[in-house]
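Once you have looked at the hints, place chains B, C and D on chain A.
Listed here are the chains, written in short residue letters.
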Amino acid sequence: MDWTTWVEWIVKGFVLCLILLTGFAYLTLYERRALARMQVRVGPNRAGYQGLLQPIADAVKLIFKEELTPARVYKVVFFLAPILTVVPSLVIAAVIPLGTSFTMFGREITLYVANINVGVLYLTSIASIAVYGIVLAGWSSNNKYAMLGGIRSSAQMISYEISLGLCFAIAIVMSNSMNLVDIVNAQKDMWFAVTQPVGALVFLIVVLAEVNRAPFDMPEAEQELTAGYHAEYSGMKFALFFMAEYQKMIVVCMIAATLFFGGYREFWFLKDTFFSVDRFWFLGPIYLLLKVVVLLFFMIWIRATWPRIRYDRLMAFGWKILLPLSLAVLFITATGILLAQELNNQLFIWSIPLLSIICALVVVVFIYRDLRRKSHGRI
Amino acid sequence: MVPVDYYIALSALLFVLGALGVLIRRNPLIVFMSVELMLNAANLAFVAFSSVFKTFNGQIFVFFVIAVAAAEVAVGLALIVEIFKSRKNINIDELNSLKG
Amino acid sequence: MTSDLIVFLVLSLIAIASALGMLFSKNAVYSALFLVLNFITVAVFYLLLGAPFIAMAQITVYAGAVMVLFLFVIMLLGAESLAPSQALPWQKPLAFTLALVLVVEAVYIILSRAQLTAAVASPDASLNSMDSLREMAMMLFNNYLLPFEVTSILLLVAMVGAIVLAKQEKVGLK
Amino acid sequence: MQLSETVSSGFFFLAPWLVFAPLTGLLINLIFSKQFKFSENTVGTIASLASGAAFVISALLAYSVSAGHGEAVSVPFAQWIHIGTLQLDWTFRVDSLSTTMMLVVSGVGTLIHVYAIGYMHEDVRFKHEEGRFNRFFIFLNLFIAAMMILVSGDSYMMLFVGWEGVGLCSFLLIGFWFEMDTLARPSWANSNAAKKAFITNRVGDFGFLLAGFLMFWHLGSFQFDAVFKAAPAIAESAPWVIVAITLFMLVGVAGKSAQIPLYIWLPDAMAGPTPVSALIHAATMVTAGVYLVTRSAPLFSLVPQAQYIVAMVGAGTALFAATIAVGQYDIKKVLAYSTISQLGFMVAAVGMGAYVAGMFHLMTHAFFKALLFLSAGSVILGLERGHHAHAHHAAHDDSKSKKKKEGKHALSKVEGKKEEEHGHDDHGEVRRVEPVETFDPGDMRNMGGLRKTMPVTFWLYMIGTLALAGIFPFAGFWSKDEILLDASLHFPSVYGQLVLAAFLTAFYMGRQVWMVFFGEARTDAAKHAQESPKVMTVPLMVLAALSILGGALNLPFEGFHNLTHWLGHTLGEVEGLPLDLKVAGISTVLALTAILVSWLIYGRNPLKAGQIDPLKKPLGFIFTGMENKWFVDEGYFALIINPFKQVSQFLADVIDWRFWHDFVHETVILGTYNWLSGVALNEYADQKGIDAFANWLGDATQWLSANMRKVQNGFVRSYALSVMLGVVLILGYLILK
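Residue numbers (our numbering), protein chains in the order written: chain A, 1 to 379; chain B, 1 to 100; chain C, 1 to 174; chain D, 1 to 737.
Careful: at least some of the hints might be erroneous.
Claimed, not checked - In silico DSS-like cross-links for lysine-lysine, where the CA-CA straight-line distance does not exceed 27 angstroms:
(1) A:Lys-75 - C:Lys-167
(2) A:Lys-144 - C:Lys-167
(3) B:Lys-54 - A:Lys-144
(4) C:Lys-92 - B:Lys-88
(5) B:Lys-88 - C:Lys-26
Claimed, not checked - Computed Cβ-Cβ distance ranges for the label pairs, DEER-style:
(6) B:Ser-86 - D:Lys-34: 37 to 43 angstroms
(7) C:Ile-6 - A:Tyr-26: 39 to 45 angstroms
(8) C:Ile-6 - A:Ser-234: 25 to 31 angstroms
(9) C:Lys-92 - A:Ala-57: 54 to 60 angstroms
(10) D:Leu-736 - B:Ser-86: 45 to 51 angstroms
Claimed, not checked - Facing chain B, according to a computed beta carbon distance under 8 angstroms, are these residues of chain D, among others:
(11) Phe-715
(12) Val-716
(13) Arg-717
(14) Ala-720
(15) Leu-721
(16) Met-724
(17) Gly-726
Derived from the structure by calculation, the hints contain no laboratory data.
Source: prediction; values computed, not measured.
For each residue, glycine too, the CB sits at the ideal point set by N, CA and C.
Pulled out of the complex, with its shape left as it was, chain A reads as follows:
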């Protein structure tokens, strides 16, 4: 390995971090504006044109805010926890391909930091590491609300991680690879969200829980836990948690786009046309950005629309509904692919969305009946 490779890696990593950090800053603005619109308000629009300088103002405010460290906290961990929260949210983006490649200074430069064959596994492992920041923050605060928030959140994340892994498995099975670039390229003809809509839906629900977003924002349930695991944090440390959350949102949207919505590739019906990424490499990041923005909008929309669900129902939803559903969907997917392979007829691929949707409808009916029963006063 010569030094240029190292330089390339460092530059790419740096750029990725920059993208995510900027993205985080403007995501806050995006969210505030979008929420305001949905609530028939205007939102921040004073700092700069249409409030575009608002994130900078926020940052300055947070940086100069006084940092409080409560007396009885476990100091080392208290200090480490925000960092442990931010790092995975940055690191996880390393394997996500942002586009194809271009040539600069006589060498081909790929638009991803690392292209490893176990990319999907990398995602799962980093996702599972991400629990630590929150759980340690809760514990080290030496505050029962904070600890409850931390434990809740970690339990929630571990529970939903299983369904997450199964959704990953769906993508793996459909693309026949664990490499994210392969997965993206496998969606050249058709997005997996089309052939496996239920899988994509489950994935989107699960990542909401994974990043602790509404309606699964248990650890921050104000009415129960004041502010959850970051109750004792202030100033820049709090800002780090804040940052981590929004970066995670961006990252999971990128992952979702990569696994189910064609990643950096064009819409499937645009393949081999003028707008294909194979023709212009710079279209790749643009397409990805587009998809991420749309997905983020959905997340904000859900936050504005749905109330927070009760904690026990959240766990029940994860274990009793999403897990079986994702298992069933994985099974259906594998069966459909096997059928198509063995019978040598690609039409059988379409049995996958059909059966999956039926399966999902059954689940919906069950949920409906369950809620009906409960609303009639049993529990």
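Below, chains B, C and D without anything else, positioned relative to chain A:
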């Protein structure tokens, strides 16, 4: 190029440290962690040999060890929680009702 | 000294240090965190040894699930540190002695056997490709199918067992 | 034998299933009926199907034999006893004789199984013991299995196994209601009857065993073919051996087939449920003796003296039992003596060498006697139903508790002494039976006029009666006539006895029919009697059809003689005798006369309620003798049983207790032993020697364990330390080695 002996030596060292943890710590949770450390040391040796002999058998074995360890931890921790519930204490130096 | 060796030595120092940290931390949470560090280090070793799959599984399962579970239990039980007790005062010195002897023996055995000096190949391209993963999967699901299934049953049983053990008796509620 | 081979050469490979089909049914009922709460119909259906399967197999085997031109086939099944020269296997012998028996046993057996579903359904309710329904069918299937072993065995020992098996089943089934008597009063009468049957049979079995030992000693085998092959040579050199064998065999036959002097158990065996009486004590088991003699025909034909004795015993039994039957009041007792008498006919026939006639009569008798017994059962149940209907009408529910109390009292009277001895266990055991008042539904004096209330049963009974009485053209006519014909040709004395017996047969059957079915009802029960359900009557109709048409098996006309030819394959070809009009005429006229006489006595002036038997006056003490079975039982008691008891008493009291126990044991042995153990061994050897050593050992162990226990301190860490220590030591050893 690292000789495999180094890996094995490291593995042995970690194993002994794990064993030491089992022997000297009184908190069953840490004893448990030490057991995990021992398993991990063994896994390291497996993977090292697997790498030397260019076969996947060692890795597959590690895979099984990880699965079994996960199962063991689930049940073991449940047991510890249960013991704590009934005795309000988990110091293993006070759990000696099997005394002869 | 090749760069590989430097990496190895640094990582093994971290591994040993974190293991010692786990051993001697007063606080169980710190122990757990040290162990997580140790696991991650070992995962990096696996990467160096050309076993990316195992490395990722190690992080996901050990660091991501098992140790979180440990943290849970420690925090829930408030078992960070225990009151001192004087049950086995002779145990500690004896344990140290034995451990020392064992290390000496192990190192002696490793160094006295010459046939294992083969160097570990650094992860070459062939191992780090999708094909090798596929090969491993074929092996796992052909040669090791029965153990695999048995392991799955074991996991199921462990799950049921853990639920049954930890389940709270509901009084008066059906 | 390879399966394909047997299939191509017939169904012989099915032979073991003759035994295993009923056993399967038995096991299903035994194991699963409680578990899955089989209903009564399920239990009965399973048992009937098991028996029916045996019948189907028998039919297939018979077909195979006929297809093979009557060739006897041996189907080896399992090794049994191989000691020295004794080579005994469980081999099935399938030939025309054994298949005939199989067909009769399984066919009649199946019909009786079906009948028993209905019969036992009511019986267990009358006796308040519904749990015994399963047991009955288990026993019944066991009996079929044992009977199949008997008839299909290839050697005398296999035959003996079946012989004992059916004896056991007979015992179990006679004692089926073991804690009551036939009127369901608490008593041990039924179990005494069972024991009587078993012990009497044991006497016969003893004879059979002696015959077997002699056979093995002199003829060297138990195998039928081998014995028959070796017999003529022995008959030349030592004829007494064959005579002894055959006569000992006759003892066995007398036991099993109820011949003089061992017939006494059969009338008492009527204590069992009626299907049992029909199946075991009329149609199948009791004919085992006839089968044995027929099977041993080659032996018997070597010794005419023995044959003569057999014939005389048979004829004597036929006449003697017939006289007793005339004086009986119980409907089943009459039939029981009739059975003994008819068995006498068969034994006489086979004794005379008229094996085909004997077998023929065996078959027809199985049909019509089963029919009669089952119809009698139907009558009894009908009467019981009538009695209950009437009793319930009179006294309603509150009588129940009263009845229970009465039962207790009756019990304490009967079993008073016993209770004191055994505490309350017997009491509890017997109390379950709720006694009906001493109304006897089997007593013919309680009947009368049943032809109106039970028409189906009446007609069936009539068919059976006519068949038994030997009226043309019913089955009994042909078979009995063949025996009489044979007797008239060779044994005039036998002929005379048999004709007399035939006359009496017709007479007592006529008496029974007039008393039971004609005239006015003598009790309320008879007035309210009800017809039995279909499940009981339909099998009876089948049997009735067989009783009418059974004669067709061996019509004494040229070109018929089917059975003669069929059995000829096994017994050697004999010429079928043509119909002798003289003999047939005499017996028919006698039979008709007898019926007429019985009409004159019993039919013209039907018995009134409470009236004594009209024969009593003219016959005087003779009738008293008939009524009391010629005091044979009492004679046995006086001659054998009481002396035997006294000898036993003497042996027990004087020899065993006073001499052996008091003197030898207590004084001599105990004294010596006390001295030896108390002084020599205890004080010196044990206390000072062994004890001291053992105590030292114990102390040492205790000391050791007290010190070792400290290792087991309950701390998992210290155990782990021990493991570690072991690892270190072993590694150290490996290094230093």
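Quick rundown of the hints versus the structure:
no.: 1; hint: A:Lys-75 - C:Lys-167; in the structure: violated (35 angstroms)
no.: 2; hint: A:Lys-144 - C:Lys-167; in the structure: holds (23 angstroms)
no.: 3; hint: B:Lys-54 - A:Lys-144; in the structure: violated (51 angstroms)
no.: 4; hint: C:Lys-92 - B:Lys-88; in the structure: holds (25 angstroms)
no.: 5; hint: B:Lys-88 - C:Lys-26; in the structure: holds (20 angstroms)
no.: 6; hint: B:Ser-86 - D:Lys-34: 37 to 43 angstroms; in the structure: holds (42 angstroms)
no.: 7; hint: C:Ile-6 - A:Tyr-26: 39 to 45 angstroms; in the structure: holds (42 angstroms)
no.: 8; hint: C:Ile-6 - A:Ser-234: 25 to 31 angstroms; in the structure: violated (41 angstroms)
no.: 9; hint: C:Lys-92 - A:Ala-57: 54 to 60 angstroms; in the structure: holds (59 angstroms)
no.: 10; hint: D:Leu-736 - B:Ser-86: 45 to 51 angstroms; in the structure: holds (48 angstroms)
no.: 11; hint: Phe-715; in the structure: holds (5 angstroms)
no.: 12; hint: Val-716; in the structure: holds (6 angstroms)
no.: 13; hint: Arg-717; in the structure: holds (6 angstroms)
no.: 14; hint: Ala-720; in the structure: holds (5 angstroms)
no.: 15; hint: Leu-721; in the structure: holds (5 angstroms)
no.: 16; hint: Met-724; in the structure: holds (6 angstroms)
no.: 17; hint: Gly-726; in the structure: violated (12 angstroms)
The structure does not agree with the numbered hints 1, 3, 8, 17 stated previously, though it agrees with the rest.
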